[in-house]
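These protein sequence lines are chains A and B, in that order.
So in the working numbering, the last spot in the first sequence is 241, and the numbers never skip.
So in the working numbering, the last spot in the second sequence is 310, and the numbers never skip.
Fair warning: there could be bad hints in the mix.
[To be verified] Label-pair distances were calculated between CB atoms; the ranges are:
id, chain 1, residue 1, chain 2, residue 2, range
1, B, R177, A, S67, 30 to 40 Å
2, A, T215, B, H106, 53 to 63 Å
3, A, G92, B, L235, 27 to 37 Å
4, B, V124, A, T215, 19 to 29 Å
5, A, S67, B, V124, 47 to 57 Å
6, B, M7, A, G139, 22 to 32 Å
[Said to hold, decoys possible] Which bits of chain B does chain A cover? Going by a derived footprint, with three or more residues having C-beta under 8 Å, they are:
id, segment
7, 104-110
8, 288-297
To be clear, the hints were calculated from the coordinates, so they are not data collected in a lab.
Every residue, glycine too, gets a C-beta built ideally from N, C-alpha and C.
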Amino acid sequence: MTRPLLRVDGLDAGYGAIEALREVTFDVEPGALVAVLGPNGAGKTTLLRALMALTPARGAIVFDGQSITAWATERRAAAGIALVPEGRGVLGPLTTAENLALGAYARRGRAKADEVAEDLRWVHELFPILAARRDQRAGSLSGGEQQMLAIARALMSRPRLLLLDEPSLGLAPRIAREIFVILGELNRRGLTILVVEQKAPLALRMARRAHVLRTGRLVATVDPSELRSAADLAALYLGTV
Amino acid sequence: MTSRIVMAAAVVAWLALLRFANDYVLTVLVLSGIYAIIAVGLNIFTGYTGQISFGHNAFAAIGGYASAILTTDRGWPPLVALVAGAGLAVATAALVGYPTLRLRGHYLAMGTLALGLISYVLSVQLEGLTRGFTGISGIPPLGVGSLVMTTPRGYFVAVWLLVAVATGSAWLIVHSRLGLALRAIRGGEDAARALGIDVTRYKIQALAISAAYASVAGSLFGHFVSYISPEAFGLYMVVLLFTMLFVGGIGTTAGPVVGAIVIGSLPEVLSGFKDYRELIYAAVLIVILLFAPRGVLGLFARRRPARAAA
């Protein structure tokens with residue numbers, strides 16, 4: 001059995017009535033695409049923010065065999081964890097190119113410059129629209145384009161683990177499917193992905209494993225290939241709401 | 001393209017003023033230029049990094065007093081004193097920035113306000129050094145070697161060349177790798193952190209850089225007026241600076257300069273109204289802020305799209 005890339009053990013987060021996590025424990029194996037599903041307010045965003053040290057949390061987080069529980073956000077980012085935040089988080093006043101440059105911000109030095117240029121070509125191949133929108137303000141892009149930019153920006157850091165917070169949110173179904181197809185492709189190329197989603201069918205089509213989060217607790221873990229029907233899904237997901 | 005036209009127009013106006021304006025007009029414009037340099041620096045910290053500093057008068061005071069003390073008591077050449085003052089301001093910014101810049105929003109505003117108040121109290125209380133309310137007079141004019149500036153015309157040339165240098169260097173900073181990080185911080189500190197940006201470190205750098213601009217301007221003020229006192233660097237300076245930024249256009253390249261010219265010359269333009277001057281001044285400011293919330297520059301840049309939308 002391979003060592004998990006990410007191990008979350010007994011994670012508690014949040015305070016009082018605010019969306020919180022209780023005793024959340026799960027692993028993400030290297031090369032996996034893991035989905036965390038749950039309704040609004042289940043704690044999905046809090047989970048990702050806690051993994052990124054953007055919200056206070058108790059419990060153990062181990063990344064690639066190393067405890068990162070005490071690490072600050074920027075150190076976790078430098079270690080190879082990239083977050084595509086809720087609402088995309090692209091910087092509106094900055095151009096597409098500047099947003100992408102920020103993705104590679106932690107990679108500095110002469111030797112890295114060639115690598116960064118190479119990665120830029122690669123994300124432009126992955127999302128050709130971003131090359132066309134290079135000098136446009138990110139705020140003027142469509143929702144789908146902004147989501148692509150947010151993912152591309154995260155890729156520019158050459159992450160070892162990509163965290164995505166509801167990438168389908170606010171997107172037309174066709175665009176959302178397109179985004180998930182690209183995530184599946186990235187995963188096939190070896191990128192480890194942890195995605196939280198409300199739209200279960202979309203995530204289940206790509207994920208190797210899915211956890212269901214409800215009111216801050218992981219209540220079920222499923223292998224999507226074992227889910228045969230929409231009824232199974234409803235029982236698992238909607239039925240628990 | 002428009003920026004080239006604006007720059008060409010500015011150069012033409014500058015040459016015309018240099019040729020035709022009298023000493024009174026030139027003096028007003030020199031003081032506006034000195035304020036413009038502080039505003040350009042503050043704009044890096046406030047406009048592009050999104051941080052509030054109500055204590056920039058402290059950095060101007062450091063420059064002004066360093067120049068005054070070092071040139072009068074110690075006989076240092078003005079330029080050396082100016083550079084020393086800037087160094088001291090940068091060091092102070094780094095020292096004060098470390099604890100202060102962990103604060104956000106209102107807390108940062110209050111923290112920097114305290115810095116401005118402390119600097120005022122110190123300039124009054126440290127009489128042995130600053131001569132308290134009496135102030136320091138007899139500050140020699142600015143000069144390099146045998147070239148000494150004695151007329152408003154000379155200062156007009158020097159100060160406005162420095163305004164151009166300040167504006168140009170600020171543009172370079174904002175569009176550099178550092179500037180990219182600063183603009184990311186303005187977009188959101190959490191998001192910047194998640195991108196691997198050391199937010200506190202860059203905020204300190206931004207404050208230190210903007211402190212250098214303020215300090216240089218404070219030195220220029222001392223040399224030009226040849227006298228400084230605590231009042232010159234009081235909190236009113238902060239009020240003026242923010243009015244300049246908002247009137248000119250915060251977070252734009254030329255906004256601080258435009259704002260400094262408008263706010264610096266408006267009281268003089270209105271001097272014919274005598275008793276009603278302050279009233280009209282306030283009314284003009286309110287009108288500008290109501291109808292040009294993005295500043296005078298924003299008004300020009302946005303005119304057509306705004307009409308199309310309406």
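- Task: Report the numbers of all earlier hints that the structure fails to satisfy, in ascending order.
- Result: 2, 4, 7 and 8
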